[in-house]
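Asks: Using the sequences and the hints, build the whole thing.
Number of protein chains: 2
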Amino acid sequence: MLPLSDRFRVPPLQLLQKKLSGFALDGILFTDLSNIRYLCGFSGSDGVLVVGQTQAVLLVDGRYTTQAQTEGQGVVVSQYQSKLDGIEKAVAGMGLVRIGFEAAFVSVELYNDLQGRLKHCDLVALTEQLRLLRACKDEAEIAIMKEAAAIGSNAIAALARDIKPGWTERDAALHLEFLARRAGAQQVAFETIVASGENAALPHAKPTLRKFRPGDFVVIDFGVKVDGYCSDETCTFAFGELTEGQKNAYRAVRRAHDEAIAMVRAGISAVDVDTTARRVLGDKYHSYFVHGTGHGVGLDVHEPPRLAPNSSDVLESGMVITIEPGIYYPGLWGIRIEDTVVVKEKSCEIITKMNKDLLIIE
Amino acid sequence: MLPLSDRFRVPPLQLLQKKLSGFALDGILFTDLSNIRYLCGFSGSDGVLVVGQTQAVLLVDGRYTTQAQTEGQGVVVSQYQSKLDGIEKAVAGMGLVRIGFEAAFVSVELYNDLQGRLKHCDLVALTEQLRLLRACKDEAEIAIMKEAAAIGSNAIAALARDIKPGWTERDAALHLEFLARRAGAQQVAFETIVASGENAALPHAKPTLRKFRPGDFVVIDFGVKVDGYCSDETCTFAFGELTEGQKNAYRAVRRAHDEAIAMVRAGISAVDVDTTARRVLGDKYHSYFVHGTGHGVGLDVHEPPRLAPNSSDVLESGMVITIEPGIYYPGLWGIRIEDTVVVKEKSCEIITKMNKDLLIIE
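These protein sequences, in sequence, are chains V and L. Each residue of the first sequence is one higher than the last, beginning at 0 in numbering that gives the first Met the number 0. Each residue of the second sequence is one higher than the last, beginning at 0 in numbering that gives the first Met the number 0.
Mixed in with the good hints there might be a few duds.
[What the hints assert, rightly or not] Taking lysine to aspartate or glutamate pairs in the EDC-like style, the calculated list, with each CA pair at most 20 Å apart, reads:
1) 343(V) to 315(V)
2) 283(V) to 258(V)
3) 283(L) to 315(L)
4) 205(V) to 258(L)
5) 205(L) to 190(V)
6) 82(V) to 127(L)
7) 82(L) to 127(V)
8) 205(L) to 127(V)
9) 205(V) to 226(L)
10) 205(L) to 70(V)
11) 205(L) to 226(V)
12) 205(V) to 299(L)
13) 205(V) to 70(L)
14) 205(L) to 60(V)
15) 205(L) to 258(V)
16) 205(V) to 127(L)
17) 210(V) to 161(L)
In short, the hints are calculated from the structure, not lab data.
Replies: What follows is the structure, encoded as structure tokens:
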């Protein structure tokens, strides 16, 4: 892994520290592990990061002390027996009074515990101030995300060559994951979706023992993690002969996907991209498109911004987002076509690599 | 998957509904996905379950409507455009006023949103009332967990036969996962740990490209999911000749593991089991045992009870817990030995199947 100091032109922790006084805060307490990884590089599964204006303390339990010392950058590592004790001590040691916290991630139970411990502090719930913290990616982050996208796309391409009628959804999912792991993916970014026939009408289906049959659409939604960053891509393959209705629906989803991507650029409202996808699907199909058009991707596979009817996000240069319209006919079949793109000033760059022409497997 | 009505002698949702008046509540709002799955069988990745004294409503977005209708038992399924709108409508429709919520899972942001929407309701933070909701497993749950444990153990046993010096940690992790998936595991229960040499001193190491070498301990911590339920087992193998110090340490961890398991039964305090493991490790080793002795396992790989120095849990019949002492010498090597056991009235039953004698791979 690149050290963070090489990854970012300005380390995110320093950028955040500069903003603290603007937020009228002495510090911020982070518990979300993706935020912690972003800010200081620590990739363990438990810990707390307390950021002050001039210093930052990474609190971990004994399982993670060595790892935190190796990975943590710009932080002092401190080991706790009890998390609340650790936080109390760090806050006192740093002399923090007005302390922000991630309202979207801190549970009511932890908040109540913190209030009991930090009696002389003001705890300030942060929502909008942190929502887009990780949304605009730096060049080095985008380079890693391209690597992840390439591994994911290559595995889907190899699956497309190997897959045969008679395979089950689980066979295909396992094949895909094995190929991607062999190619260097550390893990999958989310539970792989391979959904065929009527299962493809479930947008988030789990792979079953159903065998691929002529006339099936097979929706393959796959992503991997490289260095913590996720890829996300969906292809819909066909087995054998399709009906005219299926072919028309595929063309409609493809057009919605293409036209949505064509309008992605800095300054455009997320909701406009979503509206375009729905408009292109038209009266015949749009009520069967039962989810948003896309979402941000990064250290989390779903992160802000949201491209959906009720989103108020505006796209910015460096955001990495998905465009993924679909049509789902319950009990019959489903189609989804998804690419991940980097938002640029005047357009976007598609970083997932599978061609989205309809692929028919005989 | 077994229908829930066949899985439990009394469905957990009914048991909970009977307890509501004792809690002085009209209903409880669930957002934790494992709790939702436990109570009504829905296995999607987003949703809300509102439980009243005589009815329950499962709220999902359009991605999950068909799945919720298929999987949900004892519930009415309702689709929302906006989650808060859906909750508001369900609470009004059910006439709920005093409503409990999971304080450990509801974020401060969601809580504030709920307060804004449910102005005529009392929201009651539940902590201890729900902490052990899923802790005591029914017979059918234990049967599924035994199946998961067997798949995990068989994969480790096969790895032990196949593994060779020169393999990397990632090779071994991938082999293990592939074997388990081929045998029917739906996914891994957590990120597989294969940690060799000095990496084994990191209790939660990620697999790297380090190759196994003579003198290595290799810690393999592996679990799979079957029907949502997790398995969890750790073996420590040795490559080639060990030092006397390494052998003595392995024997110490093995004794701590065996003696801790020997005392597990209903009615015993979790902290006593933890204390025993530390006492058996003795002055020479106990300060290198940097985590708790064990934890509950079920739909989550880590769930209550906790077996740790500051735990106040008492073991009950039907709880499924891990016993996993270890010794970690930073920069040198590490050992962990873990089994999953079912707590019985007078003893416990070990459901993970690998023999824990030291296995030396030449």
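Asks: Please go over all the hints and tell whether each is borne out by the structure.
Replies: Verification of the supplied hints:
{"no.": "1", "hint": "343(V) to 315(V)", "verdict": "8 Å, holds"}
{"no.": "2", "hint": "283(V) to 258(V)", "verdict": "17 Å, holds"}
{"no.": "3", "hint": "283(L) to 315(L)", "verdict": "32 Å, violated"}
{"no.": "4", "hint": "205(V) to 258(L)", "verdict": "41 Å, violated"}
{"no.": "5", "hint": "205(L) to 190(V)", "verdict": "19 Å, holds"}
{"no.": "6", "hint": "82(V) to 127(L)", "verdict": "19 Å, holds"}
{"no.": "7", "hint": "82(L) to 127(V)", "verdict": "19 Å, holds"}
{"no.": "8", "hint": "205(L) to 127(V)", "verdict": "33 Å, violated"}
{"no.": "9", "hint": "205(V) to 226(L)", "verdict": "11 Å, holds"}
{"no.": "10", "hint": "205(L) to 70(V)", "verdict": "13 Å, holds"}
{"no.": "11", "hint": "205(L) to 226(V)", "verdict": "11 Å, holds"}
{"no.": "12", "hint": "205(V) to 299(L)", "verdict": "18 Å, holds"}
{"no.": "13", "hint": "205(V) to 70(L)", "verdict": "13 Å, holds"}
{"no.": "14", "hint": "205(L) to 60(V)", "verdict": "17 Å, holds"}
{"no.": "15", "hint": "205(L) to 258(V)", "verdict": "41 Å, violated"}
{"no.": "16", "hint": "205(V) to 127(L)", "verdict": "33 Å, violated"}
{"no.": "17", "hint": "210(V) to 161(L)", "verdict": "31 Å, violated"}
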